[in-house]
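Student: Now for the letters of each chain:
There are 2 protein chains.
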Amino acid sequence: MTMNDLMRRLGQVSDLEAAARLLSWEQEVSMPPEAATGRGQQLATLAALGHELFTGPDTGALLQAAQPQGETQAAVVRVAQRDYDKATKLPTAFVEEQTRAQNEAHHAWLEARAKSDFALFAPHLERMIGLARRQADLMGFEDHPYDALLDDYEPGMRAAQVRAIFADLRARTLPLLTRLRQAGDAADYSVLTRPFAPEAQKAFAWRVAEEAFGLRRDFARQDESAHPFQSNLSRSDIRITTRVEPYWPACCFGTWHEAGHAMYERGVSERWARTPVSSGASLGVHESQSRMFENLLGRSLPFWERYFPALQAAAPEVTAGLDPETLYRAVNRVQPSLIRVEADEVTYNFHIMLRFELELGLLEGTLAVRDLPEAWNARLQADLGLTPPDDARGVLQDIHWSAGLIGYFPTYTLGNLLSVQLLEAARRDPGVAAGVDRAEYGPLLAWLAEQVHQHGRSLTPNELIAQATGQPLSADAYVSYLHRKYEAIYGLNAVTGV
Amino acid sequence: MTMNDLMRRLGQVSDLEAAARLLSWEQEVSMPPEAATGRGQQLATLAALGHELFTGPDTGALLQAAQPQGETQAAVVRVAQRDYDKATKLPTAFVEEQTRAQNEAHHAWLEARAKSDFALFAPHLERMIGLARRQADLMGFEDHPYDALLDDYEPGMRAAQVRAIFADLRARTLPLLTRLRQAGDAADYSVLTRPFAPEAQKAFAWRVAEEAFGLRRDFARQDESAHPFQSNLSRSDIRITTRVEPYWPACCFGTWHEAGHAMYERGVSERWARTPVSSGASLGVHESQSRMFENLLGRSLPFWERYFPALQAAAPEVTAGLDPETLYRAVNRVQPSLIRVEADEVTYNFHIMLRFELELGLLEGTLAVRDLPEAWNARLQADLGLTPPDDARGVLQDIHWSAGLIGYFPTYTLGNLLSVQLLEAARRDPGVAAGVDRAEYGPLLAWLAEQVHQHGRSLTPNELIAQATGQPLSADAYVSYLHRKYEAIYGLNAVTGV
Numbered sequence: 041m042t043m044n045d046l047m048r049r050l051g052q053v054s055d056l057e058a059a060a061r062l063l064s065w066e067q068e069v070s071m072p073p074e075a076a077t078g079r080g081q082q083l084a085t086l087a088a089l090g091h092e093l094f095t096g097p098d099t100g101a102l103l104q105a106a107q108p109q110g111e112t113q114a115a116v117v118r119v120a121q122r123d124y125d126k127a128t129k130l131p132t133a134f135v136e137e138q139t140r141a142q143n144e145a146h147h148a149w150l151e152a153r154a155k156s157d158f159a160l161f162a163p164h165l166e167r168m169i170g171l172a173r174r175q176a177d178l179m180g181f182e183d184h185p186y187d188a189l190l191d192d193y194e195p196g197m198r199a200a201q202v203r204a205i206f207a208d209l210r211a212r213t214l215p216l217l218t219r220l221r222q223a224g225d226a227a228d229y230s231v232l233t234r235p236f237a238p239e240a241q242k243a244f245a246w247r248v249a250e251e252a253f254g255l256r257r258d259f260a261r262q263d264e265s266a267h268p269f270q271s272n273l274s275r276s277d278i279r280i281t282t283r284v285e286p287y288w289p290a291c292c293f294g295t296w297h298e299a300g301h302a303m304y305e306r307g308v309s310e311r312w313a314r315t316p317v318s319s320g321a322s323l324g325v326h327e328s329q330s331r332m333f334e335n336l337l338g339r340s341l342p343f344w345e346r347y348f349p350a351l352q353a354a355a356p357e358v359t360a361g362l363d364p365e366t367l368y369r370a371v372n373r374v375q376p377s378l379i380r381v382e383a384d385e386v387t388y389n390f391h392i393m394l395r396f397e398l399e400l401g402l403l404e405g406t407l408a409v410r411d412l413p414e415a416w417n418a419r420l421q422a423d424l425g426l427t428p429p430d431d432a433r434g435v436l437q438d439i440h441w442s443a444g445l446i447g448y449f450p451t452y453t454l455g456n457l458l459s460v461q462l463l464e465a466a467r468r469d470p471g472v473a474a475g476v477d478r479a480e481y482g483p484l485l486a487w488l489a490e491q492v493h494q495h496g497r498s499l500t501p502n503e504l505i506a507q508a509t510g511q512p513l514s515a516d517a518y519v520s521y522l523h524r525k526y527e528a529i530y531g532l533n534a535v536t537g538v
Numbered sequence: 041m042t043m044n045d046l047m048r049r050l051g052q053v054s055d056l057e058a059a060a061r062l063l064s065w066e067q068e069v070s071m072p073p074e075a076a077t078g079r080g081q082q083l084a085t086l087a088a089l090g091h092e093l094f095t096g097p098d099t100g101a102l103l104q105a106a107q108p109q110g111e112t113q114a115a116v117v118r119v120a121q122r123d124y125d126k127a128t129k130l131p132t133a134f135v136e137e138q139t140r141a142q143n144e145a146h147h148a149w150l151e152a153r154a155k156s157d158f159a160l161f162a163p164h165l166e167r168m169i170g171l172a173r174r175q176a177d178l179m180g181f182e183d184h185p186y187d188a189l190l191d192d193y194e195p196g197m198r199a200a201q202v203r204a205i206f207a208d209l210r211a212r213t214l215p216l217l218t219r220l221r222q223a224g225d226a227a228d229y230s231v232l233t234r235p236f237a238p239e240a241q242k243a244f245a246w247r248v249a250e251e252a253f254g255l256r257r258d259f260a261r262q263d264e265s266a267h268p269f270q271s272n273l274s275r276s277d278i279r280i281t282t283r284v285e286p287y288w289p290a291c292c293f294g295t296w297h298e299a300g301h302a303m304y305e306r307g308v309s310e311r312w313a314r315t316p317v318s319s320g321a322s323l324g325v326h327e328s329q330s331r332m333f334e335n336l337l338g339r340s341l342p343f344w345e346r347y348f349p350a351l352q353a354a355a356p357e358v359t360a361g362l363d364p365e366t367l368y369r370a371v372n373r374v375q376p377s378l379i380r381v382e383a384d385e386v387t388y389n390f391h392i393m394l395r396f397e398l399e400l401g402l403l404e405g406t407l408a409v410r411d412l413p414e415a416w417n418a419r420l421q422a423d424l425g426l427t428p429p430d431d432a433r434g435v436l437q438d439i440h441w442s443a444g445l446i447g448y449f450p451t452y453t454l455g456n457l458l459s460v461q462l463l464e465a466a467r468r469d470p471g472v473a474a475g476v477d478r479a480e481y482g483p484l485l486a487w488l489a490e491q492v493h494q495h496g497r498s499l500t501p502n503e504l505i506a507q508a509t510g511q512p513l514s515a516d517a518y519v520s521y522l523h524r525k526y527e528a529i530y531g532l533n534a535v536t537g538v
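Top to bottom, those sequences are chains A and B. Using this note's numbering, you'd call the opening residue of the first sequence number 41 and step up by one each time. Using this note's numbering, you'd call the opening residue of the second sequence number 41 and step up by one each time.
For the record, the hints were derived by calculation from the structure and aren't laboratory data. Don't be surprised by glycine CBs; every beta carbon is placed ideally from N, CA and C. Be aware that one or more of the hints could be misleading.
To be verified - In silico DMTMM-like links for lysine to aspartate or glutamate, alpha-carbon gap of 25 Å or less:
no., chain 1, residue 1, chain 2, residue 2
1, B, Lys126, B, Glu345
2, B, Lys242, B, Glu404
3, B, Lys242, B, Glu480
4, B, Lys242, B, Glu264
5, B, Lys242, A, Asp263
6, A, Lys242, A, Glu382
7, B, Lys242, A, Glu382
8, B, Lys242, A, Glu239
9, A, Lys242, B, Glu365
10, B, Lys155, B, Asp430
11, B, Lys129, B, Glu239
12, B, Lys242, B, Glu144
13, A, Lys242, B, Glu480
14, B, Lys129, B, Asp98
15, A, Lys242, A, Glu68
16, B, Lys126, B, Glu74
17, B, Lys242, A, Glu74
18, B, Lys126, B, Glu503
19, A, Lys242, B, Glu144
20, B, Lys129, B, Glu151
21, A, Lys242, B, Asp228
22, A, Lys129, A, Glu239
23, A, Lys242, A, Glu365
24, A, Lys242, B, Asp98
25, B, Lys242, B, Glu345
26, A, Lys155, A, Asp177
27, B, Lys242, A, Glu111
Unchecked claim - Okay, the calculated bits of chain A under chain B, using three or more residues with CB under 8 Å as the criterion:
no., stretch
28, 57 to 64
29, 72 to 80
30, 85 to 98
31, 269 to 283
32, 410 to 420
Please model the complete structure; the sequences and the hints are all you need to start from.
Tutor: Right, dumping it as structure tokens:
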């Protein structure tokens with residue numbers, strides 16, 4: 041009986057969260073503009089009621105009294121207890137202070153970025169860092185305050201582990217990047233901005249997402265929004281968004297990226313429905329799926345050999361005089377850039393490692409907020425040979441810190457690394473490897489469903505990675521992949537033993 | 041302080057209801073099909089939590105302790121207390137039984153209608169009638185159990201009042217209908233099914249809704265759904281839906297109908313935001329606004345004289361050889377039909393009066409459910425000269441009874457009557473009359489906002505009608521309007537003193 045009561049309570053919390061996700065999604069894709077204030081209020085109410093319902097003393101009592109039967113219920117109680125402990129560690133007054141500070145910081149950041157004036161944002165960032173330190177103290181940690189923050193996004197992951205992986209990654213990719221920066225163009229990149237009708241772009245991107253990755257309108261839909269994202273109310277109610285830009289591959293790769301997130305959520309076992317287990321294991325594991333679809337598959341030569349005819353049919357004027365291999369080279373251009381979200385597979389992680397190091401310095405107190413722009417620019421110059429012309433295109437470019445998201449950035453690179461580590465593990469199955477090599481992803485999708493998707497949050501990222509790949513997370517697979525792929529594209533001599 | 045607590049509580053309930061409306065709206069316009077089960081669960085949770093929050097003992101205490109300041113707060117407390125008393129009169133066990141029975145009845149009705157087999161639905165309808173009687177007993181009433189049911193849709197309205205108005209309406213429109221049935225065609229009706237591109241239909245309908253009635257994308261949007269409806273999360277977040285049929289006026293008049301509902305919600309004073317006062321006074325008053333836009337304005341000659349050029353621009357092939365007056369005659373065809381939702385201004389109310397009488401008989405026990413189809417068909421034959429070929433096109437055509445909505449039907453006709461009574465009251469202002477006569481509705485909209493919209497639920501329908509028109513609701517204005525309009529269209533001699 042108690043277990044039923046607990047499941048009922050968790051189901052209600054889950055339904056409230058699902059409703060909030062629909063309100064948020066709709067806000068981005070179709071809401072009338074004047075509705076913004078009311079929508080914010082509705083979302084605040086849903087969040088407050090969901091939090092109240094989940095953290096109320098009776099939930100604690102239900103968890104204590106629960107006698108789970110079998111593995112499914114055991115995982116529900118374990119994950120719910122973990123969430124409950126974390127949610128109840130922060131006093132309401134602290135959460136309210138944090139929410140207020142984030143609101144103010146977000147508005148200050150918008151203005152600072154618009155005016156490219158870091159000084160406007162600096163006091164708010166200082167406050168965010170102070171709150172993050174207090175949050176870490178309230179949550180508790182063994183080694184480093186960063187651990188307590190990272191745990192929100194990568195349960196069980198530690199700063200020391202990330203630091204070691206990143207040091208290895210930097211040491212082994214910086215030489216490759218240096219060589220690539222000296223190489224010439226590998227293709228005519230102007231084909232990537234040929235005119236391509238927006239509706240045709242979206243239709244092509246979706247068609248491929250359906251055929252290659254199994255995303256179907258029975259349980260998912262696609263809309264446009266300013267910033268692409270995936271959201272879902274359940275594994276049968278998934279939404280992805282995309283945007284159309286002059287650089288037409290943005291719509292395609294964005295769609296396939298979100299399709300990776302979508303198919304992860306789709307693959308979580310139905311037995312976790314309406315429980316806190318029903319989502320991805322972490323942001324990093326989620327990103328491994330989106331990056332795999334976007335980059336490892338979507339930016340592979342077999343993929344373009346297979347889908348080039350569909351692209352020709354969708355946009356004959358884009359493909360005129362083009363062949364699959366040239367297009368493959370073009371969409372894999374390596375070019376250091378100022379902006380993280382525009383970066384390629386080789387340079388992207390440098391943007392992340394930079395942010396991670398700065399976050400550590402700010403939290404440890406070895407880096408003052410006022411010195412942040414200088415530290416940012418110095419690191420970017422050292423790694424990518426670029427200096428931002430202004431802070432808007434430098435330290436102010438990301439929304440994360442203004443939203444109090446400190447400890448979030450590493451998950452992007454962890455996801456990149458994991459995407460290759462998982463794909464290589466999957467390729468040990470000859471059926472998967474053969475399929476991937478001719479862009480038939482059925483066997484790979486089945487492997488991912490079995491090894492990754494179905495488990496939801498019942499495994500921690502480190503548990504899942506060890507179980508699925510037989511190894512702890514490392515940079516090894518990713519570094520080899522970068523060398524193999526980009527030395528070939530840019531005609532460089534292969535370096536062994538990297 | 042207590043008043044603030046009450047306002048906060050009512051705001052939360054209002055936000056939960058708004059969220060539920062977005063989930064319901066989205067279910068009809070864009071939800072992936074496999075999401076249906078989960079969506080039902082989410083809606084049930086939101087309804088249960090909203091009900092719990094509103095009917096909990098602390099809401100009762102807050103209402104008792106509230107010391108409202110000024111007219112706005114007084115109305116909030118008055119309406120909230122009325123809702124609270126009604127909501128707490130029904131025991132939870134009864135509400136749950138009703139919900140279960142409605143679910144089963146709805147499924148039985150779907151099957152019965154598909155097979156045109158009333159016997160499949162009859163036991164469920166018997167159960168619905170039994171539950172309605174018990175509900176009336178639980179709610180309490182003075183004269184007639186129907187009063188307790190009608191009060192949910194028309195607060196303060198009584199069955200005796202409706203019965204008297206309907207008797208008058210029947211007596212004074214049946215002779216007109218008889219004469220119209222003997223008249224010939226007033227136009228070539230085939231123009232109403234000329235091909236009209238769906239996107240162009242919707243764009244034309246919206247453009248006119250914006251220009252004529254003030255519906256703007258800043259606060260409203262339009263989508264397609266199987267059954268047109270209006271819904272909103274607040275006065276700044278309104279949605280209407282439409283559908284496209286071979287009979288192209290369906291999209292136009294449907295859009296303008298929903299625009300009437302939308303502009304009512306838009307006009308409710310912002311001071312009632314997030315309180316139970318923030319909606320229309322009743323279903324009947326709501327329908328008076330939708331019918332006014334759809335029929336009194338949208339099916340008027342000045343309207344088509346003004347918007348005919350826009351229609352020509354939108355669909356030259358539809359308007360070829362047509363002129364505004366012929367189109368006006370065509371869209372005002374009077375033709376008895378089996379189906380309520382397809383009925384014109386003259387015959388529509390007969391469909392309603394029939395249902396009202398049958399509901400009274402069922403509730404009073406003078407009509408047995410098994411005799412219902414026969415009673416239905418006899419009344420339809422007597423009034424409209426038609427007999428349904430099967431029960432699907434007769435007694436099984438409407439969803440209402442299967443959803444437990446008994447006492448709902450009269451609101452449609454009350455709305456029709458009120459639409460004319462209000463328009464005539466508004467026309468006593470010469471500026472309004474002059475505007476309406478050249479299809480410039482600014483002055484009328486201002487009058488409606490002042491006399492009807494702004495008050496929300498702070499007035500009962502009878503209070504609002506008396507205040508706005510100086511008279512109690514009656515059939516007088518509507519009967520005169522029908523005679524005036526349709527005698528002219530069909531070239532009949534005017535009958536005086538009807």
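Student: Confirm or reject each hint.
Tutor: A quick look at each hint next to the structure:
no.: 1; hint: Lys126/B <-> Glu345/B; verdict: violated, 48 Å
no.: 2; hint: Lys242/B <-> Glu404/B; verdict: violated, 45 Å
no.: 3; hint: Lys242/B <-> Glu480/B; verdict: holds, 22 Å
no.: 4; hint: Lys242/B <-> Glu264/B; verdict: holds, 9 Å
no.: 5; hint: Lys242/B <-> Asp263/A; verdict: holds, 20 Å
no.: 6; hint: Lys242/A <-> Glu382/A; verdict: holds, 20 Å
no.: 7; hint: Lys242/B <-> Glu382/A; verdict: violated, 39 Å
no.: 8; hint: Lys242/B <-> Glu239/A; verdict: holds, 20 Å
no.: 9; hint: Lys242/A <-> Glu365/B; verdict: violated, 45 Å
no.: 10; hint: Lys155/B <-> Asp430/B; verdict: holds, 10 Å
no.: 11; hint: Lys129/B <-> Glu239/B; verdict: violated, 48 Å
no.: 12; hint: Lys242/B <-> Glu144/B; verdict: violated, 36 Å
no.: 13; hint: Lys242/A <-> Glu480/B; verdict: violated, 42 Å
no.: 14; hint: Lys129/B <-> Asp98/B; verdict: holds, 16 Å
no.: 15; hint: Lys242/A <-> Glu68/A; verdict: holds, 17 Å
no.: 16; hint: Lys126/B <-> Glu74/B; verdict: violated, 36 Å
no.: 17; hint: Lys242/B <-> Glu74/A; verdict: holds, 22 Å
no.: 18; hint: Lys126/B <-> Glu503/B; verdict: holds, 20 Å
no.: 19; hint: Lys242/A <-> Glu144/B; verdict: violated, 42 Å
no.: 20; hint: Lys129/B <-> Glu151/B; verdict: violated, 33 Å
no.: 21; hint: Lys242/A <-> Asp228/B; verdict: violated, 44 Å
no.: 22; hint: Lys129/A <-> Glu239/A; verdict: violated, 48 Å
no.: 23; hint: Lys242/A <-> Glu365/A; verdict: holds, 23 Å
no.: 24; hint: Lys242/A <-> Asp98/B; verdict: violated, 52 Å
no.: 25; hint: Lys242/B <-> Glu345/B; verdict: holds, 20 Å
no.: 26; hint: Lys155/A <-> Asp177/A; verdict: violated, 35 Å
no.: 27; hint: Lys242/B <-> Glu111/A; verdict: violated, 53 Å
no.: 28; hint: 57 to 64; verdict: holds (count 5)
no.: 29; hint: 72 to 80; verdict: holds (count 7)
no.: 30; hint: 85 to 98; verdict: holds (count 5)
no.: 31; hint: 269 to 283; verdict: holds (count 5)
no.: 32; hint: 410 to 420; verdict: violated (count 0)
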